[in-house]
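Enquirer: Each chain is listed here by its residues.
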Amino acid sequence: GEDVEQSLFLSVREGDSSVINCTYTDSSSTYLYWYKQEPGAGLQLLTYIFSNMDMKQDQRLTVLLNKKDKHLSLRIADTQTGDSAIYFCAEGTDNYGQNFVFGPGTRLSVLP
Amino acid sequence: DVKVTQSSRYLVKRTGEKVFLECVQDMDHENMFWYRQDPGLGLRLIYFSYDVKMKEKGDIPEGYSVSREKKERFSLILESASTNQTSMYLCASSSFMNTEAFFGQGTRLTVV
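Top line first, the protein sequences correspond to chains A and B. Residues 1 to 112 in our numbering are what the first sequence lists, from first letter to last. Residues 113 to 224 in our numbering are what the second sequence lists, from first letter to last.
Honestly, the hints are just simulated from the structure, not real lab data. There is no bait here: all hints are sound.
Listed below are the simulated DSSO-like cross-link pairs for lysine-lysine, each with C-alpha atoms no more than 30 Å apart in a straight line:
id, chain 1, residue 1, chain 2, residue 2
1, A, K70, B, K169
2, B, K165, B, K115
3, B, K115, B, K167
4, B, K130, B, K183
5, B, K125, A, K36
6, B, K165, B, K183
7, A, K56, B, K115
8, A, K36, A, K56
9, B, K183, B, K125
10, B, K183, A, K36
11, B, K182, B, K125
12, B, K182, B, K169
13, A, K36, B, K167
14, B, K169, A, K36
15, B, K167, B, K182
16, B, K183, B, K167
17, A, K56, A, K70
18, B, K115, B, K169
19, B, K115, B, K130
20, A, K36, B, K115
21, B, K182, B, K165
22, B, K115, B, K182
23, B, K183, B, K115
24, B, K169, A, K67
Okay, chain A solo, but in the shape it has when bound (with noise of 0.2 Å):
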């Protein structure tokens, strides 16, 4: 079956850049997504990025996807403390009916 895999734990220093990275198995895959969760929330969604395209940038967030390797990656530049936050890697089909299905999460810790 599908299956998506993250790193579990990344640590920073206020102002560096923070790349979080996330291997996928399915193919047919049509969306990519990143979804951030704060301390106590549901999930809220970041960025997705469609499976034909390689970069994807928003502001201080910049997606890159290699469909070869299965492969994506969220860089935040100039990373804050309020990005502190486990980011969720996640898979979709456009399928009717299909379900998404998540990573383990990264929780990214911003260090002063």
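We have chain A already, so just place chain B on it with the hints.
Expert: Coordinates of chain B only, in the frame set by chain A:
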């Protein structure tokens, strides 16, 4: 503003009790999902529904059932709560195109 609302933020139940977790969405979405979230395991799909009265088992359906009598409401039922069902439960919904999942704030269930 789109909204997925879970009926409780925190619940404490006794072993053997029947537990109902309710989720309501106001976006007229076709798809609704129940996940449980445990540290290091990410989100695991319990059940999803792509239409009223329709349901599909996810990865970990044992010990759970669901009900979708109306399009906006998706209920998760723990038939006889056990301590290993202590977890954070997240409800989500999406349109039939599955472009994005919207999440509720989560219910932290403790079974004692």
